[in-house]
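**Student:** Here are the chains, one letter per residue:
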Amino acid sequence: MTSTSTRLRQGPAPVLEVSGLQVRYGKSHVVFDLGLKVGAGEVLALLGRNGAGKTTTIMGIVGLIAGTAGSVVIDGVEVGRWPAFRRAQSGIAYVPSGARCFAPLTVEENLQIAARATRSGGAPRWTVERVYEVFPKLQQLRANLAGGLSGGERQMLAVGRGLMLNPKVILLDEPTEGLAPVIVQGLAGLIRTLKDTGVGILLAEQNHQMALKVADRAAFIEKGRIAAELPATEARNSEVLHRILGV
Amino acid sequence: MSASTLVLTVLAGLSAASVLFLVASGLSLVFGALRVINMAHGSLYMVAAFLTTAIVKFFSQPTIGFVLALVLAPAAVALIGALIEVLVLRRLYGREHLLQLLATYALVLVFAGGVRIVFGSQNLIVRPPEFLTGGVSLGTLTFPTYKFFLMFAALVVAAGLYVLLYRTTLGRNIRAAVADPELLNASGVNVARLFTTVFMIGAGLAALGGVLISPDQAVGLGMDTDVLVAAFAISVIGGLGSLMGSFVGALIVGLATSFGIMFPQTSRWSLAFIFVLMAVVLMIRPWGLFGRPETS
Amino acid sequence: MPGLARLRTPEGLRWVAAAVLVAFAVALPPLAGLVEIVSPDSISANFTVGVLGTSALVLALWAISYNLMLGYTGMVSFAHAAYYGIGAYTVALLYQDMHWTVLQGLVLSPLVAGLAGLITGFISLRAVRLYFSLLTLAISQVCYVIAFEWYSFTGGDNGIHGISLPDFLSNPTVLYYFIAGVVAVCLVIMFGLVRSPFGAALLAIRENRLRAASIGLNVKRYELAVFTISSAFAGVAGALFAIYDNQAFPDLMKWTESAHPIVVTLLGGSGTFLGPALGAAVYTWLANSVGKSLPAQFDIVLGAIVLGIVLAAPGGLGSALDGLRRLAARRSGWREPEKGAGDREALGRIDVSKILAIRPPKPPAERSSGATLLRVEGLNKRFGGLKAVDGVSLKVLEGRRHAVIGPNGAGKSTLFNLLTGQIRPDSGKVVFGGIDITGRRPHQLSRFGIGRAFQITNIFPKLTVLQNLQYSMLAHRGDTVRPFGIADRRYRDEATQLLEVVGLGPVSSLHAGLLSHGDQRALELAISLALGTRLLLLDEPTAGMSPYETKRAMELVNGVVAQQGLTLLFCEHDMDIVFGIADVVTVMHQGSVLAEGSPEAIRANPEVQRIYLGDVDLDTPQTGAGASA
Chain Z
1 MTSTSTRLRQ
11 GPAPVLEVSG
21 LQVRYGKSHV
31 VFDLGLKVGA
41 GEVLALLGRN
51 GAGKTTTIMG
61 IVGLIAGTAG
71 SVVIDGVEVG
81 RWPAFRRAQS
91 GIAYVPSGAR
101 CFAPLTVEEN
111 LQIAARATRS
121 GGAPRWTVER
131 VYEVFPKLQQ
141 LRANLAGGLS
151 GGERQMLAVG
161 RGLMLNPKVI
171 LLDEPTEGLA
181 PVIVQGLAGL
191 IRTLKDTGVG
201 ILLAEQNHQM
211 ALKVADRAAF
221 IEKGRIAAEL
231 PATEARNSEV
241 LHRILGV
Chain P
1001 MSASTLVLTV
1011 LAGLSAASVL
1021 FLVASGLSLV
1031 FGALRVINMA
1041 HGSLYMVAAF
1051 LTTAIVKFFS
1061 QPTIGFVLAL
1071 VLAPAAVALI
1081 GALIEVLVLR
1091 RLYGREHLLQ
1101 LLATYALVLV
1111 FAGGVRIVFG
1121 SQNLIVRPPE
1131 FLTGGVSLGT
1141 LTFPTYKFFL
1151 MFAALVVAAG
1161 LYVLLYRTTL
1171 GRNIRAAVAD
1181 PELLNASGVN
1191 VARLFTTVFM
1201 IGAGLAALGG
1211 VLISPDQAVG
1221 LGMDTDVLVA
1231 AFAISVIGGL
1241 GSLMGSFVGA
1251 LIVGLATSFG
1261 IMFPQTSRWS
1271 LAFIFVLMAV
1281 VLMIRPWGLF
1291 GRPETS
Chain V
2001 MPGLARLRTP
2011 EGLRWVAAAV
2021 LVAFAVALPP
2031 LAGLVEIVSP
2041 DSISANFTVG
2051 VLGTSALVLA
2061 LWAISYNLML
2071 GYTGMVSFAH
2081 AAYYGIGAYT
2091 VALLYQDMHW
2101 TVLQGLVLSP
2111 LVAGLAGLIT
2121 GFISLRAVRL
2131 YFSLLTLAIS
2141 QVCYVIAFEW
2151 YSFTGGDNGI
2161 HGISLPDFLS
2171 NPTVLYYFIA
2181 GVVAVCLVIM
2191 FGLVRSPFGA
2201 ALLAIRENRL
2211 RAASIGLNVK
2221 RYELAVFTIS
2231 SAFAGVAGAL
2241 FAIYDNQAFP
2251 DLMKWTESAH
2261 PIVVTLLGGS
2271 GTFLGPALGA
2281 AVYTWLANSV
2291 GKSLPAQFDI
2301 VLGAIVLGIV
2311 LAAPGGLGSA
2321 LDGLRRLAAR
2331 RSGWREPEKG
2341 AGDREALGRI
2351 DVSKILAIRP
2361 PKPPAERSSG
2371 ATLLRVEGLN
2381 KRFGGLKAVD
2391 GVSLKVLEGR
2401 RHAVIGPNGA
2411 GKSTLFNLLT
2421 GQIRPDSGKV
2431 VFGGIDITGR
2441 RPHQLSRFGI
2451 GRAFQITNIF
2461 PKLTVLQNLQ
2471 YSMLAHRGDT
2481 VRPFGIADRR
2491 YRDEATQLLE
2501 VVGLGPVSSL
2511 HAGLLSHGDQ
2521 RALELAISLA
2531 LGTRLLLLDE
2541 PTAGMSPYET
2551 KRAMELVNGV
2561 VAQQGLTLLF
2571 CEHDMDIVFG
2581 IADVVTVMHQ
2591 GSVLAEGSPE
2601 AIRANPEVQR
2611 IYLGDVDLDT
2621 PQTGAGASA
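Those sequence lines, one after another, are chains Z, P and V. Numbering-wise, my numbering puts 137 at position 137 of the first sequence, and it's gapless, one number per residue. Numbering-wise, my numbering puts 1228 at position 228 of the second sequence, and it's gapless, one number per residue. Numbering-wise, my numbering puts 2491 at position 491 of the third sequence, and it's gapless, one number per residue.
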């Protein structure tokens, strides 16, 4: 663990730094004292079995769960006490699992809805046109209702909507779930492209093969805690992976 | 039944439906976005009607008074609505419906008492503006101009609501809130403030209905509950949360009431018919003709 | 506990408060007479007794009958004024058209109102929650319109007037005591009802409809029963109104009138039996003091009070008083039972030997007979375009601990829901102990011996731990159809013993909602034991628990299951649990069964490893952005 932390200190400045995260759902204490860091232009894979707390962790970071305590710092700003919409405006994009979209709105409206967020200088703005450049299929479907799209199309839309926030860090919750391999490939490519723009990415996945191909580091979550953290290259086929994800 | 009687009945039904549409659409909009049933919705309608009587009386010239009332009353009532949402409703989101019903019912009492203190318990009458008095002759019969105005106003508002919901940013956010408020929050929109805005719009619609009805019918205590139960029936039949539902529901209820009044044998049962229809809809398709089943 | 000391507990003080209220009601006429003598210019005794007293009594009866639905069963109805009106009209019409005396009308009123309640309740219960409430609104309006329009029968909006009373009731004081007597009889009946096993069923339903079904209660039937009973008593209240007010009119049935019992109940608190009576007294006094002189101000004051209560103390005056009672009791030495003894402690108190003491362990030969307890054949369930469960067959042998695992979306939860009757299969068969139980509803399954603990802990939060167990036993053994007897006395010893077994003895009088997560799980297990469960279905039993809780909880389950020869079917994500406990593992993937066998065999199975560790293989390097679908 020490070598990893040293590496982190030397690495890129974190766009997202979480520490001491505790999340409760009513009576259930689901996440215990969790901490993680994501640097600019870095992909951190959050790997764990179902029920380990991946989604709860992410929703806690984004501010959607009332019973959450702990520190969440986005690009140096502490947002742990802020309401979710303010966190979104300050640069954290949440792409929920299940390719959640606003079903009765059109594709274009889904994108525009996140567009009002302000962005403080620097990298190029994401606009609807730029999103269409990345996802030409969405441009074809711009006037269609989101509810009528296929799973893969909705996933693209969900990512696009996240991008419209011009985020500093994107949290992707199981984006490959239920998608065909060819689309998964495309998503992997997209993630690499986003990396290059300097955005930090937290990728929660059950599909660890894909995740480790695009990630720089991997954090393994088990029963609401980070059990291990490794560089991605070491994580593949590691004993840790087999122990935590395997049977 | 002659053709002219039929035409009159239909026209009367349409004009009744017009005001009902305004009130019901407000109730329905608030429920669709906030998932709250506002028992005080009828009270806001009544307050606006009484405010209209005061404004018109103040200007003693019905035309100016009425036009001003059309603007001032909904604005004032919308502000009251904002206060209600922020001070009362915000504490009750996500809790049992019963608490929300009780809290808004408490407001019904407060408004009823307040109106009574300020205006007394007599019925009041407002004269319509000059250019809207009299009747329009259609062949052998005459139909009041003002009632045509009501229909016109309803159509304008319906069009305006449509434009609001489907052509503006606010409308888009409202539709998104109806679908998934949590996702909207995560997308950077201040949902709490949006809820207040939606409630204000709903209150404004009820108020507009109150202003428009005052030259047509006597303004008195009891208007609040009478219109509320009709608005419930319309929203249930048409579908809570659906603009089209409010429109169609209002037509059904307006026409049913009108036909009931015109034909003495059935008049007694026309009111019952509306509630029987409401009951039937609740039993077989609770989300109404145009509504969508609640996903949570 | 010695007699007087018992009076100092909150429970005891509640009885004292009730006695005071009753004494006040009984002594009202002489008190009023006294007041009149002392200050003749203030309120007249006749008025106090004849108007205030009688209307308060009737309002109390009406509100308490309403509270049977609201406070005890959790149903919000807007139709209660309709039955009140029907009761009043029964007396009025029988007097006017058939020249019956009001007493005869009074006797008939609960029958007529109850019948109306039965029919309209049956209709209303076709809908749920908010829609149920709106449906009751619609129905009450229909009744109102009928009363209003049917001039020839009901007298239209004039109503029926001038109902005269038999001579002996012409004295206001005698009338008062007569009404008090009738109200008292009704209250005693209702009180007996709520304390009986039938009442226990109602409480269980209010606390947790889902759980109530799983302990064997046909929820809709109980709701209809309480709706009917409630309407009958509302009818009596209405009949009494007709008697003291000498009239009946349509406005009695207007939906806005239904607000009265709701507000009165809120004022006095829906949590106690006599709470609404207190509310009725307060309301009547307010309505006739402020209300008469300043009607508009009365509305505002009442509205402000209701608003204040809803926002600050939804339990009403009753709960505020309860707080005071607790304070008073503590002052005189009574101590609150230990709250939240801590999950570690409860689970740590598990003593498997105690289990042996109560239920001797079955000899090893009997424990795993190897007979097939549960057989699932070709179960299918489709949701829209998605096949959630696809031709699933499996066998669970008696005495075995059988785990179902599989990645997300494998269909495990759907399978469990199919097995416990929460949803019906499209096709296939489920056979339990030789009996075909396919498609049976949850409340029927508990009788066969299938117990389920839910993913989200499912107990009755505002009932005590002991009551959770007792009421489960009552429901399971069919006792809840009995409207007499005292529920809290039954099966007390048996339930207490079971609580000891799972380590919850010290917290038996605590509200179950206050327990820690692990303790609630233990309580669920106890309930399953109480229901005589043979097959225990656990859906992700350790979700949301800390590692310590998880370990202890599973030790508990393991211990109980092993010693009792229970059969366990559970699904889990935590592989340590699965491999620590299971004898047999079934692996599901995308709705169908992939593999089944011993834990070791499953672990070694490459197919299984694949679905967990390697689903999608991406070997070709990526070329950048631009996904094409």
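Since the hints were made in silico from the structure, they are not lab data. Careful, some of the hints might be misleading.
[What the hints assert, rightly or not] Which stretches of chain V does chain P cover? Using the computed rule of at least three CB atoms under 8 Å from a CB of chain P, they are: (1) 2097-2109; (2) 2125-2132.
[Said to hold, decoys possible] What follows is a list of derived Cβ distance ranges for each label pair: (3) P/1068 / V/2031: 51 to 59 Å; (4) P/1061 / Z/148: 50 to 58 Å; (5) Z/178 / V/2601: 40 to 48 Å; (6) V/2311 / P/1289: 32 to 40 Å.
[To be verified] Calculated from the model, a selection of chain Z residues having no Cβ within reach of chain V, i.e. all distances over 12 Å: (7) 70; (8) 177; (9) 245.
Each residue gets a CB set at the ideal place from its N, CA and C atoms; glycine is no exception.
**Student:** All hints, please: hold or fail.
**Tutor:** Cross-check of the supplied hints:
| no. | hint | verdict |
| --- | --- | --- |
| 1 | 2097-2109 | violated (count 0) |
| 2 | 2125-2132 | holds (count 5) |
| 3 | P/1068 / V/2031: 51 to 59 Å | holds (58 Å) |
| 4 | P/1061 / Z/148: 50 to 58 Å | holds (55 Å) |
| 5 | Z/178 / V/2601: 40 to 48 Å | violated (29 Å) |
| 6 | V/2311 / P/1289: 32 to 40 Å | holds (36 Å) |
| 7 | 70 | holds (17 Å) |
| 8 | 177 | violated (7 Å) |
| 9 | 245 | violated (6 Å) |
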